[in-house]
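FYI, UniProt numbering numbers position 30 of the sequence shown as 30, with every residue one higher than the one before it.
Computed list of lysine to aspartate or glutamate pairs in EDC-like fashion (alpha-carbon distance at most 16 Å, straight line):
1) 66 <-> 99
2) 4 <-> 151
3) 18 <-> 160
4) 4 <-> 149
5) 115 <-> 43
6) 33 <-> 151
7) 126 <-> 99
8) 98 <-> 127
9) 115 <-> 151
10) 4 <-> 160
11) 59 <-> 127
12) 44 <-> 70
13) 44 <-> 99
14) 66 <-> 43
15) 115 <-> 52
16) 33 <-> 144
17) 33 <-> 149
18) 115 <-> 144
19) 18 <-> 151
20) 115 <-> 149
It should be emphasised that the hints constitute simulated quantities derived from the structure, not laboratory data.
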Amino acid sequence: MPLKYLSHYAPELQHQVKHMMAERSIGAYIQAKYPQAHTIQTDKALYQFVNEYRKTHLKNAPLLNKVQYDNTLNLTHRALGLNTAISRVQGGKLVAAKEIRIASVFKSAPADFLKMIVVHELAHLKERNHDKAFYKLCTHMLPEYHQLEFDLRVYLTGLEMRADKEGVAQ
Numbered sequence: 001m002p003l004k005y006l007s008h009y010a011p012e013l014q015h016q017v018k019h020m021m022a023e024r025s026i027g028a029y030i031q032a033k034y035p036q037a038h039t040i041q042t043d044k045a046l047y048q049f050v051n052e053y054r055k056t057h058l059k060n061a062p063l064l065n066k067v068q069y070d071n072t073l074n075l076t077h078r079a080l081g082l083n084t085a086i087s088r089v090q091g092g093k094l095v096a097a098k099e100i101r102i103a104s105v106f107k108s109a110p111a112d113f114l115k116m117i118v119v120h121e122l123a124h125l126k127e128r129n130h131d132k133a134f135y136k137l138c139t140h141m142l143p144e145y146h147q148l149e150f151d152l153r154v155y156l157t158g159l160e161m162r163a164d165k166e167g168v169a170q
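Given only the sequences and the hints, what does the whole structure look like? Please build it.
Next comes the structure, spelled out in structure tokens:
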């Protein structure tokens, strides 16, 4: 199985993940490293969580009109979160409604992974591209961002491996 979520990482890291795949130990690795689950199961709770993070780390960022879990975002589409601005005319003015959608897979993911994807989507409020400034902002909000992103990719590899084994498309 190719490591599509980890293809740009060093060969040594890919080898370690392939070893975990062969031993079927990805789940144990993730559980041991990230045992903390979260209780953010509703769109309302997610909205509050994201806005608190925004207020703490991005005080000048625009207000979010909507934050919700999205069942249509999944591993097949390789989109785990979306940040959109929907423009509408209100009273002769053009108003952009900012929305963040988080893949529903994060309802059952470890709490740190939800935090990482929230930070990623919030960073897009200031930086649209995945460039140096974007990742600098991510690590400002969440210093362990890069390790969490790597481990999230390992987690997604494990989910995909499990889905392939069960014959279920994610």
